[in-house]
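Based on the sequences and whatever the hints tell you, model everything.
Just so you know, the sequences run in chain order Z and G. The letter at position 263 of the first sequence is residue 263 when you use my numbering, and the numbering goes up by one with no holes. The letter at position 127 of the second sequence is residue 396 when you use my numbering, and the numbering goes up by one with no holes.
Please keep in mind that the hints were generated in silico from the structure rather than gathered at the bench.
Cβ-Cβ distance ranges computed for the label pairs, FRET-style:
id: 1; chain 1: Z; residue 1: Ser-260; chain 2: G; residue 2: Lys-519; range: 53 to 59 Å
id: 2; chain 1: Z; residue 1: Ser-260; chain 2: G; residue 2: Arg-532; range: 47 to 53 Å
id: 3; chain 1: G; residue 1: Tyr-503; chain 2: Z; residue 2: Arg-64; range: 38 to 44 Å
id: 4; chain 1: G; residue 1: Gly-378; chain 2: Z; residue 2: His-171; range: 51 to 57 Å
id: 5; chain 1: G; residue 1: Lys-502; chain 2: Z; residue 2: Asp-261; range: 36 to 42 Å
id: 6; chain 1: G; residue 1: Glu-305; chain 2: Z; residue 2: Asn-225; range: 55 to 61 Å
id: 7; chain 1: Z; residue 1: Arg-58; chain 2: G; residue 2: Thr-457; range: 55 to 61 Å
id: 8; chain 1: G; residue 1: Tyr-503; chain 2: Z; residue 2: His-171; range: 16 to 22 Å
With a cut-off of at most 25 Å between alpha-carbon atoms, the simulated DSS-like pairs for lysine-lysine come out as follows:
id: 9; chain 1: G; residue 1: Lys-303; chain 2: G; residue 2: Lys-412
id: 10; chain 1: G; residue 1: Lys-502; chain 2: Z; residue 2: Lys-18
id: 11; chain 1: Z; residue 1: Lys-233; chain 2: Z; residue 2: Lys-104
id: 12; chain 1: Z; residue 1: Lys-252; chain 2: G; residue 2: Lys-397
id: 13; chain 1: Z; residue 1: Lys-244; chain 2: Z; residue 2: Lys-107
id: 14; chain 1: Z; residue 1: Lys-18; chain 2: G; residue 2: Lys-296
Where a beta carbon is used, it is the ideal one built from N, C-alpha and C, also for glycine.
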Amino acid sequence: MSEAETRIVRFIKDYVEKTGTNGVVLGLSGGIDSCTVAALSAEALGGNKVLALMLPERETANPRDTDHARFVARRFGLKAQEINITDTLTTVYRSIQDFDPADKVSKGNVKARMRMIYVYYYANRLGNLVCGSSDKSETMMGYFTKWGDVAADISPIMDLYKTQVRKLATHLGIPAEIVSKPSTPALWAGQLAEDELGMRYEQLDLILYGLEHFMNPREIAAQLNINTKTATKVKHRWLAAEHKRRMPLTAKLEYRTVGSDFRLPRTIS
Amino acid sequence: MQGKLHIALAQISCYQGNKEKNLETIKENVVRAKREGAQLVIFPELSLTGYVVRDQIYELAERIPGPSTRIVEKLAKENELHIIFGMPETSEKAQATLYNSAVLVGPNGLIGKYRKMYLPTHSIFEEKRYFRPGYQVAVYDTKLGKIGLVICYDIYFPEVTRLTRLKGAQLIVCISASPGIRRAFFETLTAARAIENTAFLAYVNRAGIEDGLQFWGGSRIIGPSGRIIAEAKYDEEDFVVAEMDYADAKQVEAFVPTLRDLRPELFDKLKESAEDL
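Spelled out as structure tokens, the structure:
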């Protein structure tokens, strides 16, 4: 795993330098993904150039996660700030005339997007980049909030499956307690990623790996000794979420079009 | 040519889309090469512009000869050495028809160019979107020996280096912009191309990162037996000057006589079969 670590650290450092920014801001939930990205960012830039925002809210607050986030911030020497966003969220809910508290997904997405607003506010104020924590498993599955937790300028671990992130986290010295606890997007109380995805990451990642390598569900199922329907379901979910991974679709009208054939490098020196 | 040759491998990173800054880097490395006794300094593929420039390529490409080759010619003249570098080339006969080219200049000016034959268009590569493939191998008879030019993905196709060798190349130069995920392929293929042709091969790759793509460096000079004569660092910018001796080719050629044992009649069959893949 040290090669992945080296490449990601070099990637973060290089992009921050090329964009002339002062560092990164990231949301630190205390989960494995954000803790891993925090550790890698600190290694790339120095902890004093990494601002970790802890953004708990009443319904999903978990003292164990907060302790983990604080521990990681201390362990890697990050600048850290804790802001409770409960009141802000309550104000938003109240201001929406048709707000339905029973609609967990719509309400939960407000939380993810509110966290994004705080993170981007600090990034703008400090001249920093937003460093995202999305991994490859959840990105392929579309298991994230559009313009919410996935919103970032760079996503250093987006090419690593969750099971790979676990190995990298261990290699980086992130405690086993953080690595082994069940993942949650923290959109509502008791939400668990593996329950919603319908399987353990150990199996999901192997299916996704097969899809990445152009295998069809039947071939994947045969290799993993699972039901073809399970692999097919994952494939459909992966394909259906493509709209969440792209620029908004537009009608092709002119010579070159944003998001399709307007093809420019990310940075021009 | 017989005798020894001092080659500088200039494993640089580039400024994406900034020819002026890249020419400065080329100049610094040429001056250093001269100072360290090199007769030939080699820069990577598209070292004039950077590799990931996408649609900007239409603004950046130039004719050969053109403004940038003239600057490099001047550097070669002032420093009395040979230089190989990579750039996007605009066709003499069209305005937006481009080639991915390697340029060879010497103290007396432009010697020649090579247009990349095999343009990767898969995975993260999109070269056919922008470039027309070349159709000619390039071997130039210079004071430093007969030098053949190939570019990056060409190395996967043994016929390019084979043809280059059959045209007389003693030294095959492969300029490259290869990302880390491809390292194992190139380490094997560069050695294989040297061995199967009993030729010297200088491979010069990029360092640095462009749009998340990290180039693996690892530039090297390989002898005709496959021995690595000199090697630059992985992943980082580096500058290596090394000596190679053309005389070493004779004993290898006698030991593993791949050129003597060539079977030309197989090439017709190869052509027939390749057409019907």
